[in-house]
Structures are given as structure tokens and as C-alpha cells.
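If you're matching them up, the sequences are chains G and D in order.
Going left to right, the first sequence walks through residues 0 to 679 as numbering that gives the first Met the number 0 numbers them.
Going left to right, the second sequence walks through residues 0 to 560 as numbering that gives the first Met the number 0 numbers them.
In case anyone wonders, no lab produced these hints; they're calculated from the structure.
The C-beta atom is built at its ideal place from N, Cα and C for all residues, glycine as well.
Do not rely on the hints blindly, as some may be mistaken.
Stated by the list, open to error - If you anchor each label on the Cβ, the simulated ranges turn out as follows:
1) ASN308(G) with GLY215(D): 36 to 44 Å
2) GLU540(D) with PRO30(G): 28 to 36 Å
3) ASP435(G) with GLU381(D): 39 to 47 Å
4) GLU216(D) with GLU577(G): 27 to 35 Å
5) GLU381(D) with THR9(G): 52 to 60 Å
6) SER181(D) with ASP435(G): 34 to 42 Å
7) GLY215(D) with ILE619(G): 29 to 37 Å
8) GLY140(G) with ASP532(D): 26 to 34 Å
9) PHE85(D) with ILE619(G): 53 to 61 Å
10) SER181(D) with ASN299(G): 36 to 44 Å
Said to hold, decoys possible - Calculated pairs, DSS-like style, for lysine-lysine (alpha carbon to alpha carbon, straight line, at most 27 Å):
11) LYS36(D) with LYS295(G)
12) LYS546(G) with LYS205(D)
13) LYS213(D) with LYS463(G)
Stated by the list, open to error - From the derived model, a few chain G residues whose C-beta atoms are all more than 10 Å from chain D:
14) ILE137
15) ASP139
16) LYS227
17) ARG267
18) GLU511
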Amino acid sequence: MRVATDVGGTFTDLVCVEETGIRIAKSDTTPPNFEQGVLKVVDKADIELPAIEDFVHGTTVVINALLSRRGAKTGLITTRGFRDVLEIARGNRPDLFNLAFDKPAPFVPRYLRQEITERLDYLGRVIEAPKLEELALIIDGFKADGVEAVAIALLHSYVNPDHELAVERRVRELWPDVSIISSHAICGEWREYERTSTVVLSAYVHPIAKGYLASLDDQMGARGLSSKPLIMRSNGGVATVDGARNDPISMVESGPASGMLGAAALGRQIGEPNLIALDIGGTTAKTALIEDAAVKITTNYKIEWDRANPGYPIRTPVVDLVEIGNGGGSIAWVDDGGRLHVGPQSAGALPGPAAYGRGGTNITTTDANLMLGRINPALFLGGLQKPNWDNVNAAFAALEKELGESKDDIARGIIRIANANMINALKLVSLNKGYDPRDFALIAFGGGGAMHAVALAEELMTPKVIIPVNSSVFSAWGMLMCDLRRDFLKTDVKLFSPETAGAVETAFKDLEDHARTVSLKEGMPEDKLRMERFADMRYAGQEHTVKVALPCKAFDAQTIGQFADEFHRAHKREYTFELDAPIELVNVHIVVFADIDKKPLPERTVTGRTVDETHKGARIIDFDEAGIHEAHEYDLGGLEPGMLITGPAVIEDATTTLVISPGKRAEMDAYGNIHFEMVG
Amino acid sequence: MSTSPASITNAHDPITIEIIQSALTAITDEMFATMCKTAMSSIIYEVLDFGVALFNARGELASSGSGIPGFIGMLQPGVQAIISKFSGAGEINDGDIFLLNIPHKGGVSHINDVVLIMPVFSAGHIIGWLSNKAHWVDLGGAFPGGISPDATEIYQEGLQLPGIKAIDSGKLNQAVLDIILSNSRVPETTEGDFWAGVASMRAGQKRFLSLAEKYGEDAVRFAIEDYIELGEKIARQAMADLPKGVFHAQETLEDDLTINAVITITDDKFLVDLRNNPKQSATSSLNASHDSTFVDCMMIFKAITSPETFGNAGSFRPIEMLVDTGSMFAAEYPTAVGVYYEASMLMFDLLWKALAPAMPERLTAGHYASICGTFMGGPHPETGHNHGIVEPQLGGWGASQDSDGVNALYTGFHGDTFNVPVEITEQRNGLMVDRLCLNDAPGGEGEFIGGKGITLDYRIMTEKWWLTMAYVRSEVGPWGLKGGLEGTTNYVEVVRADGETTRYSACTAVPLGQDDVVKVYTATGGGYGDPKDRSQEKVWEDIKNGYVSPERAKQIYGLSD
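The following block holds chain D by itself, in its conformation from the complex:
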């Protein structure tokens, strides 16, 4: 637990402090809205695969805005990496904007998630930091879109930006931008997304400064420290209500990959021990950096302590994590980490599974637990212009102790993330969507049933398209609770124009031609409770709505005629 600098006194009236603290949220909200409305790629403006945040002068997170809660914990290591890299006098100046994307060195996730970092100066010294992290569609590398499960070194995944000034004292470093744009397969989009990021930070800077002008720097600094301490206070109070003890879970997934987690909850500590896990993979990019695994711990901790309130550096102070360097959850440079998000999802889901039986009011049975990142590209049939889509998919959530699981929602790693409308994807990308509906495959039954995943069929309208994807939970479905059944699985089927069908859980740049159909299936979540305890009335309603077949209903629920 850190203490406030001595210069900050408690002489501020609490109402003013609270008003400044709400203004901090308003600042990150505005940064978020600006980014969303000006960005060029749908992964940012629609999927909202980005986050923005505000920090104290030491780079500790004070307030954040995000479509993706996981991003909230990812920005602090980046800011702190810049603070330590540029520690000499005069190395950081008013108007600087830094770029950083190396996952093992403060960038946290993968090469495509580019972090912009900006100091905020008032009267010649730094009063705080702003940061923005967004998924850029292409930064070069061996594969279109940069990401492939087959990558083995980071050099194959795109251009590395090791914490460099793209904007120096307010002036664009054109050389940096030129290098980035010449390395991208979609330079126009990349340039648009870069400026959207800059606009969002400058909007935040303006508001931050006006706050300091109005209330005085001292009050603002105090309010930020106080806010971080409030985050900690809320977290520690909530810990008092948690069940104490040791909770563990193990799971064996595809390719006999067995992963382990042990969580110990004491009065003041949330200790996550991940030391008994596989080595980093040398043959795939299913690896996560140490910092992104820490985000898994933050996410689950927040969900069980205070999901209804804000999250900042204080909210996560009770967490400690033990992990072996060189394992798949703390991969070392220059290991490939392109599909880090699936490795992180595996661990997040495992922590969830460890705690769910003890905390049924906060945690449901297992959800589809895969980002289901789907990358496709090729020429638009009308314009011939190359298009690429980067889309996570919706899936089913697990049932809880008192309600059915939610149908078709983004993962627990996502948040205010929107799918891309069919009408827009057809116009923009020149695909046809043959259907988008709930996946009615049997599974996930229980007293409360798992929510349904989706079936989404993309028809390719011209030659020279390609598909890259890597889904986990492709062999073993989401786990049920208290006798609820396991859900279904995530996968893709490619149905060729001649009817030949291939099933994939991962693939890289599979060529596609006209009238080939890519069928995405996402999992139904796990059930809760014995199916025999589901009320007959609800089962009849399920049959009426086509959620279960009459035959299956007889078999699973013992429905009488």
C-alpha cells in the first residue's frame, strides 16, 4: 500500500474532492467517445477493442474508460515503462506522445494493441498521464492482420514500437509515422486510427488542465490519490465478505494441455499461484505475457469484490500472483504472443471455475470462454479494394443459481463491445451473411440452462479471400455447476462451393473462393443444477421457442407427454 506524498494535505473539503473525482470519470468518458467516433477500423469503433485511462504522476491508474474491462489493467505497466525509460532530466516534455506495443516490455497484450502515452504538464511539471490503447488492424509481420496461431517469434507478428516519441513537444515526428505506415498493409486506416488516438488524448489533456486551473493542482493531485485509496478501501471492505480458504481448479483442453490454478483468499490477500503450468510454446503464439496474466487475476478479483464500482490502481492492491517465467502465462521475449487473448481467456476461465462453486451469487457456470477471433480478408466484389475484418464472436453464458444463462453475449473479457451489423458487413466487406441465429445444438441443460451461442454463416462472394482463426474450447465445452450439463463447443466449418466440409479450431490464411461459406459456431454455456429439477412449465416453453427438441427434452428433463 503506497502512501500519499507529504506535500499533499487533507485540507480539502470532501465535496470538492468528490466533484473532481467525478470529473476524472468525465475526462476518460470523453477520451473514449472521441476515439470511438473518429477511428477508422470497425475493431475500434464498433467492437470497441480499445481503452483509455488517466494516471497520477507516478503512473498509477486513477480512472479509465473502456469497451473492454481487461484493457483497464493493461495501461499502467505501459506508462510506468515510459517513466523508467525516460528517467533523465528533460527527457519528457509537454506535448510528447509515446508509442509502445512490445507485450513483454510494458505493452502487455500483443503487437497489434498499440499504446499511446502522454504526460500532462502544468506549470512546468507533470501532474498526471493519459494513455490510450487500441487494436490496430495491421502493423506488418508475416501474416495479414499480424496475428497467427502459427507464429513462433515476435518478429513475425509485426513492427515493434519500443516506447518512442511519435510526437515530440507537440510536433509530429514524421519519420516515425512514415515507418509505421510503410509497414502496414492498410496504411490509410492505420493513419486514421493514429490520429483518432491523438485526438482522444488531446481532448483529455484539455479537460485535465481545466480541472487543475479551476480547483488548483494541489486539490486535483489530492483528489486523485484519494480516489486510488478509495478504490483500495472498497476492495478491502468487500474482501471481508469473501469466503476464505484455498480454491483450486484444473482443466485439460485440446492437445492434452493441462492447466492449473490455486487461489488462496485470506483476510487481506488474494494470492493466485500459477506455478504449475506448461512451458511457453515454441511452436505457436498461444502464450501470454506476465502482465496480461495479471490482468486475469484483476478481472476475476473485481468481479467477486466490487463489480458495480469503478476500478483503479487501489482496487487491485490486495492481489498477488506467483508464476514461472518462461511458462505459457509469463512468456519471455521474443516468444510469439499473437493469440495471447486465448491463453489469457483459458486462465481467466480457470480462475472463474475455481471460485464459482463458493460464490454462486457473483459467478455463473462456465461461458463459451473464447474470444473466437475471426480474421478474414480479400477483395471487395464491387470495388476490388482489399478489405479485412477482425471480429470476435458472440457466445453463450453459463446459467446461475437462479436464472438461465444469457444468450449471445461477448466474453467476460469484453464489455461494452458491439457486434458488426449484417447490413454493414455486407456493404463494407462485400460478404453475404446467410444467417445469424442462436446455436440450437443440444448441451448446457440444467435446472437453469446455459445461454446459447450463435451460428453465423459468411458467404464469400469472390476469389482470393483468406481465413485465419484460433478458438479455444473447441473440444471440451463450458463447465456446468451443481449437476448442470456441459455446454457445446466453439469451431468453424468451411463449406466449399462443391460441398466439401472442413472443421477448424485454428488455421492460418486458409484460401477461400467464391461461394465458399465460413460457418462460425460458438458454444452454449454450462447449465446449473440437475436438469430433472427444471420446471415442466419452463421445459414446455423451451420447446415452444425451439430451444430444445421434444426428444431431447424427454431424454434430459424426463418430460412427461
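If we strip away everything but chain G, and leave its shape as in the complex, we get:
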């Protein structure tokens, strides 16, 4: 039996895959002791821990500690002359017209940013060796000030980590029980502010993450879990507990990453390798492009970043996704110019949409879907509660007054704007990167995925929509489809040419050796280890790079020409042109995998039931441009492979609603996924 638990903002989801099929369960998330919610959902699903072969876990503990500023008091040790780099940041003011701008405060105040005399040049040559004797005073000061975690970030450590290692060793001798992280160990890229920010935020969450992982491990062990838990990472892979503990920041986006990974895995199984994946939750929607059944990874990630705020960079590998403030709970509002908007403010779980009747006075996307008949009032909130119509009407009345339009028109407008916001996000990952959506299928999951998917696909012109089985807990299932994965990135700027092929090969080999050593130390099984090569490359003179996957084949004067062609093609696809200019390698990127035995989706049982037997009734649904129609209602749980349903219709259960517009056809495949053919 393989089990995944996914701690989300509102619910903790569980998926269990065994020979006999799949079981799912949901329980409340229990901050700040998230492991309690995990144990509860395990009990709820009635799972015997000793029977579990793999237990995979995704957690929001890291992102929560960051966003709520509940991390450890952190001290920073950096190169003499540069303690203010963390506060200076990059000096940008994205809120362009605002002359009363406030810059985000650094996570470490100046008095806890200490300098050590040492210097490397950009080639990693020693200009001045570290004066380790300066550390005693610094550490005494940190202790007196109540520091709980130490971050070390020295200039050019991405080329040569010796100075950071020497400082780290000395700090450990002076203060054996403090949490310490050095920048080179978690970020091998240049740009001192970004690397310093990454290590500072890592140190900030380190004690909490360590404590959480230890507690989870202990409690699960005490209840008889025989294998060590595997921890979901933002890079779309899982880590051993040791691996996650050494690089806690790599868990920062674990939930969204697993959904995308799950989509890629499902695509592989059902022969749909090219997908645009869309995960619509309560607060946000996330989308990513999957090509050849693989997700793309980026290290250009920031927290608390938006159009007005520079945020805080974290250079950790994260699945390349776009997240927008547009989910079921997104609030509709009217601006000073009398325009209707949706999101990014969310009503969350409390007070929630107006229809929850928990004090919410704002209309949300969920309320609009309810108003248009798309959500079945009888199945509202899993059928546990009736919508509070008085509340909905009162909240709509405010908008009617401001806009001078009818409730139905406003509800339609809200859905159209929410869809337009999502379309823009979907375009960002596809069209804007040179991919034609017509070459992809749209796969939609999360609480709201199924409801919006068909309308979005029509606009985006994807020929097909797929709603996976168990789509509301799909991210948790995705975790069970992940392999162990660890990314190693190192800035190593070199010309990429036949003359330099030897040096390029050495750069890759050296990083592979290092990657192997670290991965084995963290408990990745040697017999299952495999590696993939990527390179971040650019035309000499440019700054930004394009990531290119390279075959694991040695570079020599001949092969390097073929690899260069890969780059030219990628550059042209992304930016419309290629140049006859020298190419530079900027970052060497090695991905280490250890394959895990995964169970594919089991086939769904066929009993010979007819479509009519799953028909529950009919209700009036507003399909916007396609008109208002009486739509047949079908029970999702009763549907069987091969069954075909033509819109206007709705397929639903307690957690999922599929809205099928008139003339569109939905068919269930052998595994229980629903496919819509959009063409014809």
C-alpha cells in the first residue's frame, strides 16, 4: 500500500493506492501542529501504518513559517564590506508611480548581519583567506542576542566553497548545537543578493522544518510505519527526510509541484504527453506546461512578489508554474472607475463565499457559479450544508447598485472575468513561451478545475480537456507518482564551442560526481540512481538564459555542435529569433533521480450499468454565450468506462462538478478520467 498526505491551506488530503483500488480522505488542516491533521486523516481513512510501503508527505510548514514570520531568529555571516547587501537588495520599486513606497524589511536586521575578513575573486582565487579568529566574537554576540540559526553567505562561493566551508566548520566548533546553513550548499548560482536571500530564508525555516520532520518521523514510526517518510519538494520530486532537512527551503512549493507532476505522470499513462495543467483551488489557480510528459523547472522564484512588491527571491528549483489570485473564494469588486474585477483577494475558508453564511459579505466566484446553476445547491459544501441564499442576495444587491446590472448579468460577468484572468495565466505558460495551445490537452483539477475547464479550453482552443479521476485530491495522488529527485545547479560561465568542449565536459562531470556523493549520503539508493543533464545557456553578451535539456552523452568537438543547435532552437521558440553569435554556458544543472516503484492508475470496474442508471435529474444552468438550458445531471461515482454524455449536462459528486456545454461530449476512459473532445 502506498499513501500520500497533502497538507493544504484548508484541508489535509489523503490518497491511498493499493491492489484493490484507490481510497481518498479529507480532514481539517491543524496549524501550527500540522502533523496532528496528518494523523487524523490517516485514522479517518482507516489505514494501518505497518502495511504502508511508501508514505509520501507534502507540507506547507515552510511557506507558512515564511509568510507568518514565525521562523527562527537568524544571524548572517558575510564578506567584509557587504553586510548591507541583504537590505539594499536590488533597489527596484515595481510600484512605479508610488512615491510613498515601502521596501520589504530584511529577514535579518543589521545588528545580526556580521562581517568576516576574507575575499575570493570571480574565478574563485583567494585574494584573502578568512580570518576565522574573528568568529568567536561574532558567535558570542549571536548567543547574547538569542540567535537560533546561522546563515553563511560569502562572495563568489558558487565558484569556490572553501571559505564558506571553513567558516561553517569553525562556527560548528564554537557552537555545536546551532542550526547552520551555507549558501553554496543550497544555491550554486551567482548574484550575491539572491543567494544571500535564499540562505537567510533557509536558515530562518531550518529549526522549524527540522522539528516538524523529526516529529512526523517519530510519530509515524511509533505507530508502526516501517519505512521512512518521503518528503515532497518544489522541484517535482521527493526527498528523503535527511535530504529535506539539509535543504528545507526546497519544500516551499511542494503542494503545487505535486499536482503538476501528477499531471505529467497521468499523461504518460494515457498517452497524452503534451499538457497544459491547471489546478484551481480556493484562493489561487496554478498552471504549468508539460512537454513530453516532463515538467519544467526554474530557480527564478520569489515569495510575496506582485506588481507592487519586489518580494524575496529564493533560488531553489521550483516547477515552472504561474500562480494567480483567482480561485473559488476570489472576491468580486468594483473599482473607482466602475469596473468589475475578480480577485486576488480571497474570502478563504473563513468567512468564505457569501453562500457559506459564515459572515461573508462579498460575492465570490463560487457564489456566481451557484447563481448560474453550475453548482448543485443540494451538493453544496459536499452536501453537508444548504447555501445561504439570503446572504447571497444581500451581497449581490451591493454589486447591482454599483454596476446597475442584473444579478445574472453580474454573475456571468464574474465568471467571464475569472476565466479571462485564468486565460491570461494559461497564455503565459504557453503562447507567451512560443507554444501553441492547439498542440496540447488541457488537464484541470483541484476543487474548481472541472467547473471552468471546458470554457477555458474553448477560448484557448486546446482540442481536448481531461478531468482526472479523484480530481479534487489530485495533488496528493501526484505525490505517489514522483521519484526521488535532487537538483544541483552551479554557475560556471564558459564559451560553448568545439574548442572548449573538454572544459564543458569537465564542468558537467565534476558536478555529477558531487551530486552522486551528496545524494548517496542523503540516503538515495545507489542501484536506482540516474542523472539528467541540463544547461542554462545564452548568446555571449546576453544576461538571461534559456534552459536546454541535453542528452547524457559526453561533450566533444563533434557533439557540442548538435547541443548548440538545441539552444538555437529553444531561443528561437521562446524569443522569435536566433543569432549567429557565440554561445555561453552559464549554469550547469544536474538532476539526480532514484526511481520509486509506482503503481499506475488501476482500471475502473465495469459492471455493465447503463448511462441512464447514473442519471439523477435535471436543472437549469446558464451556459453564458451558449444560452440557458435544462441540463441533465449524472452521478460521477456511478459512471463507468466507455460511457458517453452529451451536453447540456453536468456530472457531479460531493467534491467535483463537471459542466458540459451544449453539444460537447464527455467520455470516461478505462481509469475513470473524463475526456472532452473539443473539436467537432
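Let chain G serve as the given structure and place chain D on it in line with the hints.
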């Protein structure tokens, strides 16, 4: 106030119109991202010294994307200059791209800011325009990098591009590109930046056309006009909340240069009178064109009316400006305007100073108010290849009525502009940076303290380097408000290998050799409120963080022991 053409009716549903309007933003965002990711020079890809914009068929700004808000107002005069120059039938064709950089004739800023302009055709007629303006590192001229405070005529500042077709119906005019490249000291970079600009416009064109295809030209045209009118509506609504009256400011800066501004705010007008100002300089390039001075008015107006929303042609309609032709704020051709940005900054800061006391929730005390443009170049010690850097510097911002000023931020003229990382500048340019830290020089104290500028020390690693720079606010620091103290000043010190030290506020091509150190100091912003009102708790925190010395704290804040 312009009216919509008669052919455009109001028969479009408001949601569709809003969706098209968000797509306009998405188009300029994409143009911006393409430019940033493909450009060859750090002034574009890192400092983001460029802007992109989309216009209606008459060349009125509808949507823009920029690292630098000042650029948003600079593109419209360029597009309109092309429309009037090529007014004959068949003179503008699908696929044309024009180049323009003469500041007095629609180019607005200085020679180095090259404007690319492209019409967007649908079904044989123009439905809109796209434009892109970026700082090109070198277009020739008397000085490396083109810019020098000592230039006296535009002919010394580089190659002039008077609104010419670089691409004619989609086909490159190789002769034009050849002329440009042979006039540049860095032809490879220049060619890369040219193509980055073209790629960005073509990306925008593709999206613009798909929008017209999907919603129909009529709806798109209507949405653009409606968007511009929405800009005006927002601006006029915000004006209702502004204090009305006459606001003036005067400032005497280095070389006894006295400048004046009088702003009159009425119910429907924002009138800026700049008629009492010095003549254009015949001995330096500290002059601004009429259009770039107008941008100063736009920037301050936007900041006090609706900083949180988009800006387009409508947003600025209430502004009127009076200025004498031939003054330093409306310099005549062929006067040199290379360091126009410092002249513009002086005026922007003066308008800010005039209004700040009346609008404390929108405007802080004075900030360091100089672009601090620093130009250096010379051979890379490892490769011998010539390198040049063009960098504005970070500085301190003024305190406000309820918070301390921001440390180390780009000027109010900049926006989403990034400094160049030390690790990158050392690798790329072969300099060493000895330190980058906040400038702790005393100044800018108050109940709320001015944000700190920076200290940035560049060590030159080989012979034959040079330095050009011109900083304003080098003698008089940023102004305080309500009893807050004046901030510190912007300047450079060159410390020679033998220890000899020279201080500069402006210089041209000063030779530098190995182990000379160029020390950049930027100002701390002005304070707000009487320092005696700063809480003792905060003062102790300042001391703990090294922002103020204990001695200074006693003297200024009256800190008890």
C-alpha cells in the same frame, strides 16, 4: 479632451471591453519581457532602462510597460512625430519599423535613447502603433558612451536618427544598420539590442493582431478609446480630492543655479508654470527638451492622483505646462542634452518639494534626487576586451509623516530597475568591488529619519580605464520636512593607488589606472519632523544597528544616557 471617432459606437458589452483592456496590458508586458530577456547590455536587461508602449491609430498612449515610469510619457511624442512626418498616402506600410532619437524632435530624452516605432495594420489600415525605447550603450560622438556634461552641441553626442525606416515592409534596410554599427564603439552589443527591440515589437504585433481577429477590430478600437477615457476619468476623480491653490518652490543648487516652479491646482486643471528659469546652457549638456520636462509634470501628477493604477494618454489630460523656449527646461536644437536626466531630475524634485507639504500622505521629504549616472570603461584584465558600464546608483529616500525613509532605492524617476550584482560586475567588467554598504554619514535625522544612500567602491584592476559622471545634489542635500534635517550629498571620490584623493560632482573621461579606487557616495534622504520627537526606543535601535553614532544621537536627538 478628445472625443471618440463617430464610427465607434457604444454597442459593446462592458465585460468584453474590460477583457480586451487587460489584454492590452498583457501585450505590453510581453513586449517588455521579450526585450529584457534578449537584450545585450546590462543597462537594458538589468537596469531596465527602457520602455514599451501601445497606442491608438492617432498615436495616443493606451498601455505601456516599463522599468522606468518616466519613459511611459516619452513615447507618445515619438509616434506622433512619425505620423506627421510620413503623412503622405502609402508612406507607412505594414511591417515598417522606424528609428528616432533626436530629443528636440520627438525623441524626447537624449541621443542614446533610441525609439523604435511600428504601425500595426489590419485589413490594410492602421489600427494602432507599438513603440520601444531603450538606452543604447554607444552611438558614437565625441565621448565614449556618448554622454558627457561637457558637450555643447548635439553633434558631439552621437549619431542622429531622424525618424527613418530601418525596416521597410518587413525587410531590413541593411544600409541603415551598417551606418549605425559603424558609428558605434560597441557594434555587437548595438546590433543585439536592435534585434531585441525588433523582437519585442513583433511579439506585440502578433498579440495585437490576434486580439483584433478574436474580438473584431471595432471592439478593439472601442476598447482602446474607452481605456484612454477611463484614464482621464480616474485622473479627474482623483483631482477632486487634491488641495486646491497655488504651490511654489525655489532651489539654489551648485554653481548658484536657481530654479523655480509654480503649480496651480484648480478643479479641472494642473497648471505648471516654469517660465522663470535659467537659459539653456551653452557650456554643458545639463539641459532638457520641452517634452522631457513635460514628463516631470506627468510623473508628479500621477504620483498625487492615482499611483496605484495604469497610466495612459487620458491620465495626463488635466496637465498644462508653461515654459520658455530656449530655457534649460525647453532647450532648442542643436543644444546638447546628454545629461538631460539630471536637469529633469532637478525639476521633478522641485515640483515634489512644492507639493509635499500639502500632500504628506502621497509625498515624502526629498530623496537623493540624482540619477548618479556612472560611466566607466577600459580593458578587461583577463581578456583585454574593452568593456563599458553605464550605471545609475541607488540612494536614500526621504522620511514621511509616519515612517522612516527607504534605504538604497533607485530614484523616483526609476521604477522596476535592478542594480548590477557585484559578482556579475566583477566577472563581466573585470573590476573588483571593495564594498557595497549603506552610507552612514550623519544627516537626514528627524522624528522619522531619511533613508540611507550607499557607498560603493570600485577598484580598477588594470591600466587605461576612464570615468565620466555628473551627479546633482552634490553641494546641497535633500530637503527635510516639518523640521526634519537635510540629508547628505551625492559625489564620487577617486582615490589613486598612491593615496591622492579627488572629489568630483561631474567629470569627463578622467583616466584611471590599476588599483585606483572610484568611491561612489549617494545621499541620505531628508528627515520628517523634529528629531527631538523621535522615540528614545527607536534611537537606541538606530545605535544598535549602527545607523547613528552615540555621540550624534546625543547631539541631535538629545538622547539621555
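Tested hints:
no., hint, verdict
1, ASN308(G) with GLY215(D): 36 to 44 Å, "37 Å, holds"
2, GLU540(D) with PRO30(G): 28 to 36 Å, "31 Å, holds"
3, ASP435(G) with GLU381(D): 39 to 47 Å, "44 Å, holds"
4, GLU216(D) with GLU577(G): 27 to 35 Å, "33 Å, holds"
5, GLU381(D) with THR9(G): 52 to 60 Å, "56 Å, holds"
6, SER181(D) with ASP435(G): 34 to 42 Å, "40 Å, holds"
7, GLY215(D) with ILE619(G): 29 to 37 Å, "31 Å, holds"
8, GLY140(G) with ASP532(D): 26 to 34 Å, "31 Å, holds"
9, PHE85(D) with ILE619(G): 53 to 61 Å, "57 Å, holds"
10, SER181(D) with ASN299(G): 36 to 44 Å, "37 Å, holds"
11, LYS36(D) with LYS295(G), "18 Å, holds"
12, LYS546(G) with LYS205(D), "24 Å, holds"
13, LYS213(D) with LYS463(G), "20 Å, holds"
14, ILE137, "15 Å, holds"
15, ASP139, "16 Å, holds"
16, LYS227, "38 Å, holds"
17, ARG267, "31 Å, holds"
18, GLU511, "24 Å, holds"
Figure legend: structure checked against the earlier numbered hints; every hint is met.
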